[in-house]
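**Q** Given next are the chains, with one letter for each unit.
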Amino acid sequence: MLAESLALSAVLFTIGVIGVLTRRNAIIIFMCVELMLNAVNLTFVAFSRYYGPAGQVFVVFVMTVAAAEAAVGLAIIISIFRHRQTVNLQNINLLRG
Amino acid sequence: MQEHYPLFYTFHFYLFGVIAIASAITFVTRKSPVAAALWLVNTMFSLAALYVMLDAQFIGVMQVLVYAGAIMVVFLFVVMLLNLGHPSEIADARGKWPVFVAALIGIVLIAQLAAVSGTRIAPEFSVPAGFASTEMQKYGAVGSVARPLFNEYLLAFELTSVLLLVAIAGAVVLGRRRDGDAG
Numbered sequence: 047m048l049a050e051s052l053a054l055s056a057v058l059f060t061i062g063v064i065g066v067l068t069r070r071n072a073i074i075i076f077m078c079v080e081l082m083l084n085a086v087n088l089t090f091v092a093f094s095r096y097y098g099p100a101g102q103v104f105v106v107f108v109m110t111v112a113a114a115e116a117a118v119g120l121a122i123i124i125s126i127f128r129h130r131q132t133v134n135l136q137n138i139n140l141l142r143g
Numbered sequence: 348m349q350e351h352y353p354l355f356y357t358f359h360f361y362l363f364g365v366i367a368i369a370s371a372i373t374f375v376t377r378k379s380p381v382a383a384a385l386w387l388v389n390t391m392f393s394l395a396a397l398y399v400m401l402d403a404q405f406i407g408v409m410q411v412l413v414y415a416g417a418i419m420v421v422f423l424f425v426v427m428l429l430n431l432g433h434p435s436e437i438a439d440a441r442g443k444w445p446v447f448v449a450a451l452i453g454i455v456l457i458a459q460l461a462a463v464s465g466t467r468i469a470p471e472f473s474v475p476a477g478f479a480s481t482e483m484q485k486y487g488a489v490g491s492v493a494r495p496l497f498n499e500y501l502l503a504f505e506l507t508s509v510l511l512l513v514a515i516a517g518a519v520v521l522g523r524r525r526d527g528d529a530g
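The listed protein sequences derive, respectively, from chains A and B.
Just so we're aligned, residue 47 is where the first sequence starts under this note's numbering, counting upward by one.
Just so we're aligned, residue 348 is where the second sequence starts under this note's numbering, counting upward by one.
For reference, chain A alone in the conformation it holds in the complex (with noise of 0.2 angstroms):
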């Protein structure tokens, strides 16, 4: 099941990038990026199956940045959304030069 586990971790992958490149809404975006470490995740999870259980400490890991990464990143989009009502990527260009 290494192949079919692959396979349906890059598809997954695919599907989170593609989201962030296509939707304009910060937190539609940030769950896209949950959606990559979760590929990621599985393959760690398929890898380990065969080569040791190093593999699940990884995902422990890779989890553990997640929440941290969502605390933080909510934050910011807590706090630009108090200064320009706005979620949407598109209206915010702050650091356009």
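In short, the hints are calculated from the structure, not lab data.
Hints may contain errors.
Claimed, not checked - Simulated DEER-style distance windows between Cβ atoms:
| no. | chain 1 | residue 1 | chain 2 | residue 2 | range |
| --- | --- | --- | --- | --- | --- |
| 1 | A | Asn137 | B | Phe504 | 38 to 44 angstroms |
| 2 | A | Tyr97 | B | Gly517 | 31 to 37 angstroms |
| 3 | A | Val111 | B | Ala461 | 21 to 27 angstroms |
| 4 | B | Tyr352 | A | His129 | 25 to 31 angstroms |
To be verified - Here chain B is said to cover these stretches of chain A; the calculated rule only asks that three of the stretch's residues, wherever they fall, bring their Cβ under 8 angstroms from a Cβ of chain B:
| no. | stretch |
| --- | --- |
| 5 | 48-54 |
| 6 | 61-75 |
| 7 | 83-97 |
| 8 | 107-113 |
| 9 | 116-126 |
No experiment lies behind these values; they were computed from the predicted model shown.
Heads up, the beta-carbon is just placed ideally off N, CA and C, and yes, glycines get one too.
We have chain A already, so just place chain B on it with the hints.
**A** Structure of chain B alone, referenced to chain A:
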């Protein structure tokens, strides 16, 4: 790596895989953030089922508790907090150019999968089948993850606590209302 699996196992593996992909596609095409979040939860549940089928029961439980439980609840909470329900706030897809790039990436992925599916894994990569399951019989599903976590990766584990502390402090500082802000 040529192992034989029961038909029951194979069928459910493909079933959950198809559910995961279908939910993910529905997730990126929904306009409402709440609907998108719920479809993403569906994807994560089917991934949890796949983790269990891949002999990673502990990771499957963590997937349901941490991802589908905690992280997605935080997302839904923010959607509720920002009150994004009305149509003017719901964002459409972007213009033509990013969609074109996205379609290109998809085509490249399909081509890669088609090219790779014909090849065989080199023999030096093959390892004794069921390596993880022997480990699991010895230490159990949680123990086989906990032993490397608290031996080889202890430093990384401790650094993770620093990361979480920084994230908590950052979220509090960013989310705090300044005194001058109205409302």
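**Q** Any hints this thing doesn't respect? Which numbers, in order?
**A** Result: hints 3 and 4 break, sorted rising.
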